[in-house]
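Undergrad: Each residue of the sequence shown is one higher than the last, beginning at 429 in the numbering used here.
Honestly, the hints are just simulated from the structure, not real lab data. Computed from a predicted model, the values in this text were never measured in an experiment. A couple of the hints might just be wrong.
Here are the computed lysine-lysine pairs in the DSS-like style, where the Cα-Cα straight-line distance is at most 27 Å [stated by the list, open to error]:
hint	residue 1	residue 2
1	K683	K608
2	K1202	K1066
3	K891	K959
4	K1478	K1199
5	K641	K545
6	K535	K546
7	K1587	K1202
8	K731	K662
9	K641	K608
10	K587	K767
11	K566	K657
12	K1060	K1188
13	K587	K683
14	K587	K641
15	K1188	K1199
16	K470	K447
17	K1340	K767
18	K447	K545
19	K1199	K608
20	K854	K793
21	K1594	K1477
22	K447	K512
23	K1096	K1038
24	K546	K793
25	K587	K545
26	K1587	K1199
27	K1188	K1241
28	K604	K566
29	K1060	K1038
30	K451	K767
31	K566	K451
32	K662	K1340
33	K608	K1594
34	K1310	K1332
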Amino acid sequence: MSAHDPSQQAFEAAKNAFKQSLKDENLFRELLATTSVEQVYKAAEDAQAKPYADKRLRHTAKIRGFIDKLTDYASAVDTFVQAKPEILALIWGPIRLLLLWTSNIAKFADAVNEAMKKIGDALPDALKLATIFGDNDKLKAVLALFYKDILDFYVIALKFFNLSRPRLVFESVWPKQRDKIDVVVSNIERHTTLMRSEVTMQRISEEHEFRAKSLAHFDRETDFQELQKFQLLKTRVSPRIYDDRLDWLLNRSCKASAEWLVTDNIFQGWLDMSNPAVRLLWLQGIPGAGKTFLSAAAIDEAKTRHRTLFVFVSHIHQTSTTTRCILQSLLFQLAFDVKDAQSVLVESNERELLGSTRYILELLKTLLDTPAVGPTYIMLDGLDEMEAVERGILLQQLTGLDSCPGVKILISSRPEDDIANMLDGKATEIRVDKRNSGSIQSYVDQRTQDWIRTANFDQEIRKQVERLLAPVTENADGMFLYARIILDNAETCNGLEEIERELRVLPVDLNDAYHRILARISQSPPTLRRKANMILGWIGSSPIPMTRHEMEQALLVDSNSNAAPAVIATVNFVRICGPIIEVVDEGLQFVHFTVKEYIFSREVSGFIDKAEANYSLAKTLLTYLCSGAFDKELSDQKLRENIVAGIYRLHWFATSQWIILVRRCVEKSNDLSAYPDLLELLTRLALELRNHSFNGQVPDLNDRVFRAMEPDRPEISQIVCGILQFRQDDKQSDWNYTNSHTWVDLDPSVISFTLTRIYKRLEELLCEERKHRKPPGCCCTTLHRHYGTNIFKCSYPSCSLNRSGFPTHRARKAHVDTHARPWKCPEPSCFYATLGFSSRRDQNHHWQELHRSSSQPAGQANLTHDCFSQDDLQVLLFELTKAGDVDGLRRIAPHLEWHGWQVKPALVLAAKMGSLPMVDFLGHFVQVSRDYDSECLFRALVKSENPALLRWLLDRLCESRPGTGDHTVRGYGSLAAAAFSTSSPELFAEWEDFLLDPARQLKSDRVPRLYYRETLDRQPASFAEVEALIPHYGKLSVVFSTSVFCAVKKSALFEARLIQTWHRLIEAFGPLDRRFLGWSLNMLARSSSHSITMAAELLRLGAPIDFPRGRAGRHKGMTALHYASRATSEQAARFARFLLEEGADPKYGWADVTPAEEKGAELMQKWLGESWDEVVARTKEARQRRKREEGGRLGDGSDEDEDEELPKPKRHRKAKKRQKCDSDREEEDEG
């Protein structure tokens, strides 16, 4: 046969694509070694002979039909195509390997046998193909098509079973592969329909293309759905990820400070995965030796080699850092870029994942054993900063990972006795403080040079400073922190004498350095000393870290004042307290946990009493809550003023932490008798903040701490226990500020009610991200100053991100969309198997009510229209649509009829996913019209780049007869704009075919008002006249609309595409009326596009340049030149100059204003280097030429010409009216 035989080329291309998909040269060669069906049967016999093979290969007979079909197919290929031996080898080689790979595990063997049976059932009889087509090109093309289908199946199966997967991973990942095989089966069934003699080569070619697209679409859709489920699970578990902490440490590390570790032989041996001698490495050292910065450098080095999971434990979160939290973090870090791991997590038991340390550890072990994960480093810094019991549990769990051969672990901590005992004999040690003196010297040298440079010392002082700092490294004795404290202290000194006094005698050790800082604080003025002690005490006693914004307001709270303080200045915390504290990501913290140990130690002179600091902070928060800022009667305007003034900086911390701080005080004194101020404030809170609309349960006084206050202070005990009971409600995960009316009155205090109001008023004050209000309406700068950069808060009050927030509205929305209910109904056919519940109790109640009776069909009992709330239906619609579950959507069709308006968001989501079946089904419940409510659907459909979806939409628009109005053109305009600016050639071709098809017209009740409040002529045009002006107006009006003009300006390609469409429309429908073209030029000038290319084309098509003027007494309105002269951009100036050069008359004005008097005309000199008058003067000949070409006479442009029959006062009134109309039109354009 010819070397260029298309059929042989098709088989060869399929073979090469298969080889590329495998990405394994050795595997490909192994496949080619099997050249006949006999070798396949031999492999099956060998597998059958193994022990227990009767159980593992009990269904091997299933694949006999598959092999028989392939035998006939191979014979047909060999006979008619005369393919190379490699082509036929790829038919048999994969079967043999799959049988060998899966013969050891019955579940794997069953899976591959079942898949082969499906393929065999779908494959046609190859001998019939020869009977139908004979020996011709159609037969060979169809054979090549089935060859690609068979190889598609092999790629899926080989890539999956080539890796040895644990059973748990198989059960989670195989269903997705099985579904993909079903796509191949579907393709084979489609291709079987080609077995007709009348089929064309074009149809066969189209099926070749569709086959590849169907598999690619399946991969995109399933990957998207899997990722969405993973993100949803990640939101519910909320694991701590430490990437930001790593970045912070690396950015602040001294150059070369970790070089000694990176080049150390022991560390290099640990990095070497082929070296089993060093599996567990322990970086140990004294406090402040720089272990955390070394850990960051080690992580950075490890990431260049293999997968690296890491955790930075901090004393700041000591009480909330548990073994379970750390294992959750490691598990999700592992899953971020491993799809198999994501599948396992999505299919895991959510309850166990949230609450069982053992379950999480087993899951982590399983995934670490998966070949797809590969070698992995696990690195844990700050183990000693965990509570002793927790770190013991964690060490025990981590050392249990010895069973994972591809895992190495690094731990960094102080040499605490309990840690040393557990790691004795298991870990290889590196003592940091004995090896880092050179790094400390480099750090001191770098800091010294930076200080000298910024302070601009002269040569003499420079030498003195260097001499004074010379002993720092030796005195540090391996402590980076010591060197940092000394240098930070020195940099705060003013003048050489003070520097000498500070450095002449260096501190003996770290505690001595801390002592000097506290001594300096004690010598400060009383007010400053009191403030410093409050800051240090509150940082050390706060249940969670305070932000600087919260601390700034807390320091101003006055127990003698009845008003919450407003913050007018920022506080320099480091200047007040010294370099023992720092601000990290807006949070206040000690530079090291040894600072907290020192300042609270009773052995230290001038120590801070932790209990007193706790009491002081509790009193401050209660004073703030009773300040009137939370009164229920506050007006909305007063709330807005308070927000802008920063009154609510402290509100989240105060409302969430006051009970914890008060509890500590009660535990210390049993009845608060030692704290009379707190008793008075709690009494005020119970009276002033009591919720008189409370309709929750009567509080259970089962809290052992506050129950002791019941006999003497019942009002305090009841409200505190009531608030605790409210916070422990199982339903709180569903509480949202958007549905606050359903839960705020379950709180016995008005705090929840006020928090809701604060959230909503803050949302009103925030501007859109890209479009701020004009001052003084925009408060964003002030709000950022008071509440930080992450000002967009999660709307779920129980979420941690309700406090920390997001920097943008978009980021917040993406997070809020993933909130869900974790407790699912175990009945698969039940709607709540997808929707879920917020608590286990609700799930049990649902099961008892609907599924306890076996006589009722599962999941269908009592499903009336009252079964779902509107919130339930919205969540269920979202989940079913996201999962691509059309059958599930069909089952809830009756509910969609009752709540049809809620289907629109689901329809938009389905359109974004590119799913025609879902869009077609959901579209029955939504009126797809031209009003702007459908614009988001139009954009989603076009963005999906699925031509079939656009075809569906256009057919619907041609069939429907929605009401019309001002939105008629705009709605179609958004669709046209998206279509003309799409990057998909196939989708644009579908759109252009629609435009050029005279039989397909966009239906409407009447003609759209193309010029908004004005018609094209002075007298209103009749229906027939407008139809004559704009044939197929429903299409052409949008092709020449401002929406399209603005959309195509982004690319010269889009502009060329639009102009080409104009010409094709003219060829199809005939020339356009010159007045319509003039109107289009006018609309182009009004848009922000100001495209000279499109304007030139409109003029070439015959648009009158001065439309609607030109013949006095006939038309009114502003010309394109006048609109361009009003815009102030450089492009608008160039556009105006172009119109003048083309002969536009500058005398035509509007409402007693000419183009020369507009702002854009004044700016022409700035943008173009020549003034308006200069351009007008040099374009005089162009206007005369245009006058001759158009054959009309130029009017003088005055409004008096147009309205000369009117008296002058009436003309002025009419001019004002025109100005108002013009202003209204501009507002509409901006909209």
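Undergrad: Can you name, in rising order, the numbers of the hints this structure does not satisfy?
TA: 1, 3, 11, 13, 19, 24, 28, 29, 31, 33
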